[in-house]
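Chain order of the listed sequences is A and B.
The opening position of the first sequence corresponds to residue 1 in our numbering, with each subsequent residue numbered one higher.
The opening position of the second sequence corresponds to residue 1 in our numbering, with each subsequent residue numbered one higher.
Keep in mind the hints are simulated off the structure, nothing from the lab.
Computed from a predicted model, the values in this text were never measured in an experiment.
Yeah, the Cβ is synthetic: ideal placement off N, Cα and C, and Gly gets one too.
You may find that some hints are simply not true.
Stated by the list, open to error - A partial selection of chain A residues facing chain B, derived with a Cβ cut-off under 7 Å:
#, residue
1, ARG9
2, GLU12
3, PRO15
4, ALA26
5, ALA46
6, THR78
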Amino acid sequence: METTQSDWRSVERSPEFRELVRRRKAFLVPITVFWVAFFLTYLLLAAFAPALMGERVLGVSLGFLLSVAQILMTWLVTFLYLRRAERVFEPLERQAANVAARTRPSRFQRPSADVAAKTRPPR
Amino acid sequence: MILPIAADLKALPLSIFGVVLAVTLAITYWASRRTSDATSFWAAGRGISGVQNGFAIAGDYMSASSFLGFAGLIFLFGFDAMVGLMAAIVAFLPVLLYIAERMRNSGKFTAVDVIAYRLQERPTRMVAALGTLAVVSVYLIAQMVGAGVLIEALTGLSFTPSVILVGAFMMIYVIFGGMIATTWVQIIKAGLLMMAGIVLAVWVLAEFGFNLSDLFDTAASEHGEGAAYFEGGLQFDSKLGLISFGLAFLLGTAGLPHILMRFFTVPHARAARGSVAWAILLIGAFYIIVMLVGTGARAILGQAGESAVGETGNLALPLLAEELGGGSGSAGGDIFLAVISAVALATILAVVAGLVIAASGAVAHDLWSNVVRTGRDSEREEVYVAKIAAAVMGVLAIGVSIAGGSGFNVSVLVALAFTIASSATLPALLFALFWRRFNTTGAVVGMSVGLLASLVLILFSVPVWPGPDSEGSPLGSLALDVPAIFSVPIGFLACWLATLASSDPEAERRFDELYVRSETGYGAEAAGGPGAPAPAEAPREPVAVP
Numbered sequence: 001m002e003t004t005q006s007d008w009r010s011v012e013r014s015p016e017f018r019e020l021v022r023r024r025k026a027f028l029v030p031i032t033v034f035w036v037a038f039f040l041t042y043l044l045l046a047a048f049a050p051a052l053m054g055e056r057v058l059g060v061s062l063g064f065l066l067s068v069a070q071i072l073m074t075w076l077v078t079f080l081y082l083r084r085a086e087r088v089f090e091p092l093e094r095q096a097a098n099v100a101a102r103t104r105p106s107r108f109q110r111p112s113a114d115v116a117a118k119t120r121p122p123r
Numbered sequence: 001m002i003l004p005i006a007a008d009l010k011a012l013p014l015s016i017f018g019v020v021l022a023v024t025l026a027i028t029y030w031a032s033r034r035t036s037d038a039t040s041f042w043a044a045g046r047g048i049s050g051v052q053n054g055f056a057i058a059g060d061y062m063s064a065s066s067f068l069g070f071a072g073l074i075f076l077f078g079f080d081a082m083v084g085l086m087a088a089i090v091a092f093l094p095v096l097l098y099i100a101e102r103m104r105n106s107g108k109f110t111a112v113d114v115i116a117y118r119l120q121e122r123p124t125r126m127v128a129a130l131g132t133l134a135v136v137s138v139y140l141i142a143q144m145v146g147a148g149v150l151i152e153a154l155t156g157l158s159f160t161p162s163v164i165l166v167g168a169f170m171m172i173y174v175i176f177g178g179m180i181a182t183t184w185v186q187i188i189k190a191g192l193l194m195m196a197g198i199v200l201a202v203w204v205l206a207e208f209g210f211n212l213s214d215l216f217d218t219a220a221s222e223h224g225e226g227a228a229y230f231e232g233g234l235q236f237d238s239k240l241g242l243i244s245f246g247l248a249f250l251l252g253t254a255g256l257p258h259i260l261m262r263f264f265t266v267p268h269a270r271a272a273r274g275s276v277a278w279a280i281l282l283i284g285a286f287y288i289i290v291m292l293v294g295t296g297a298r299a300i301l302g303q304a305g306e307s308a309v310g311e312t313g314n315l316a317l318p319l320l321a322e323e324l325g326g327g328s329g330s331a332g333g334d335i336f337l338a339v340i341s342a343v344a345l346a347t348i349l350a351v352v353a354g355l356v357i358a359a360s361g362a363v364a365h366d367l368w369s370n371v372v373r374t375g376r377d378s379e380r381e382e383v384y385v386a387k388i389a390a391a392v393m394g395v396l397a398i399g400v401s402i403a404g405g406s407g408f409n410v411s412v413l414v415a416l417a418f419t420i421a422s423s424a425t426l427p428a429l430l431f432a433l434f435w436r437r438f439n440t441t442g443a444v445v446g447m448s449v450g451l452l453a454s455l456v457l458i459l460f461s462v463p464v465w466p467g468p469d470s471e472g473s474p475l476g477s478l479a480l481d482v483p484a485i486f487s488v489p490i491g492f493l494a495c496w497l498a499t500l501a502s503s504d505p506e507a508e509r510r511f512d513e514l515y516v517r518s519e520t521g522y523g524a525e526a527a528g529g530p531g532a533p534a535p536a537e538a539p540r541e542p543v544a545v546p
């Protein structure tokens, strides 16, 4: 029941898997920079610009508006990720998983080396 | 003569409590008939849909500290507390973008499954499970103590029986109904919480003729600090204190074991992704409500209300409800107060049940099954141990909460839980998933150091170290309420350095397997309804991607 590591390695090196990882990274890196910067700016403003946060804009305080903006930003990033995942990542995942299934199907179908399948006696 | 369990029992809130408890018991009975094997006990048979799991995550995450705690903090301190709340919602972006789907793809029941996947199981699981237990038990005691104080104030039932009541129901849900009962209690609680929040927010806005400007003017004028109420700087002694508080929530969420565990209850990675999106939608909307209602409490209850809401502000929302309903003693006031109290009770029950089931996973799945018995036990034994663990954990939590009583500072305990989660669990989880070089030494040393650093720094923190403003604390002016800004870098550095100082080619080779599985979903644990055969025995489709 040993799964040979070379199988996984060859999947990991397959063009399909590399394409999935590349496309995902191309999305995740910039979006990560965006949300981290957006939140840290808010956190630093809250700490170091109290007078500005207390300014009244549209009847409410700027700090409250920027807080609501954090929630809107979170919703926006979530929406963008969901759309990208469905349209781009899922088909690529399927292709890469097919490579894994083709590589050594007889071995892969047995969940041997993972935590999920210790040598449990059948119930 | 009956025992002196209560000074002044309030019939109305208690009877609504009774209804809530009866409904949850009915759910538990229903769930118990669907809970047989380990997959149904911990993962609800992986049959929870994305939307359902989104509600359940919201119900699992939004504790009484989100609902009553943060509204109270906003009542007391204004803007600073809003910042903490925003950190707690933005915190779901790392969960969505890097963790949820990979967790579902490569784990079975616990986050520790993923951390230990390619490392040496026994040492890794031992330390990681200890981290889980540390987070869960600290958080559990915080919730139980908070529950006791709250129920006493709201119903007149005194502290000790309140804690026993909450503890007993939590154990019943978990032991008899497992994850299925826990999930549905969380879903219902999230629904109740959203409805109560919407009613409160609309009512508050109506009081001010839906004129936000009027609401904000009144709130500022009702605060002793006036304009500073919306400028911040009232809750924390230092700017660093505010930043560190925000970081703890931002990074701790992605390391909370009871939240991560929820991703194993859905059939596939797509549902895991969808469930985080639903949770983000619900929690974000609720946090806007909390900000409005907290500000509204300040505007309506005013400075006169400060003595009544307590030192932590926890009673600001119930008192606001009473005031909106017509004031103390009026029928409307009593009813609204009772309803909000019942929602608070449901909130607490849903969270503590989620915590106990996470603890049972750490003890039975990680420690007993995989460390002590090295996987040779049967599933029946694993579930049996899990139930014993849940019972022991419940009894211990009740005992410690009663022994410590309201002497425990709830906000310190919550801060400690988020600090450990962000400094011990999160670094190991991220490195395990994304860094090929990461190895067992790195995980064991890193998690231990992260855990120790959190504990030591909390000991030196402002609320714990004796003396006003922690004078004489070894950290001097760097002693903070929440030390995450120091402990998180320590946790990541320890993982990194200990990894570089050692070498484990086997862990690096097996990274390919984890990497392919976590990124593609290939070979993920199969979905199946309650009672379906355990995935390991079921014939597998070559491709288990939705």
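Results for each hint:
1. ARG9: holds, 5 Å
2. GLU12: holds, 4 Å
3. PRO15: violated, 14 Å
4. ALA26: violated, 13 Å
5. ALA46: With a closest approach of 5 Å, the A:ALA46 hint holds.
6. THR78: Nearest chain B Cβ about 5 Å off; hint holds.
In the structure shown, a violation is registered for the earlier hints numbered 3 and 4, in ascending order.
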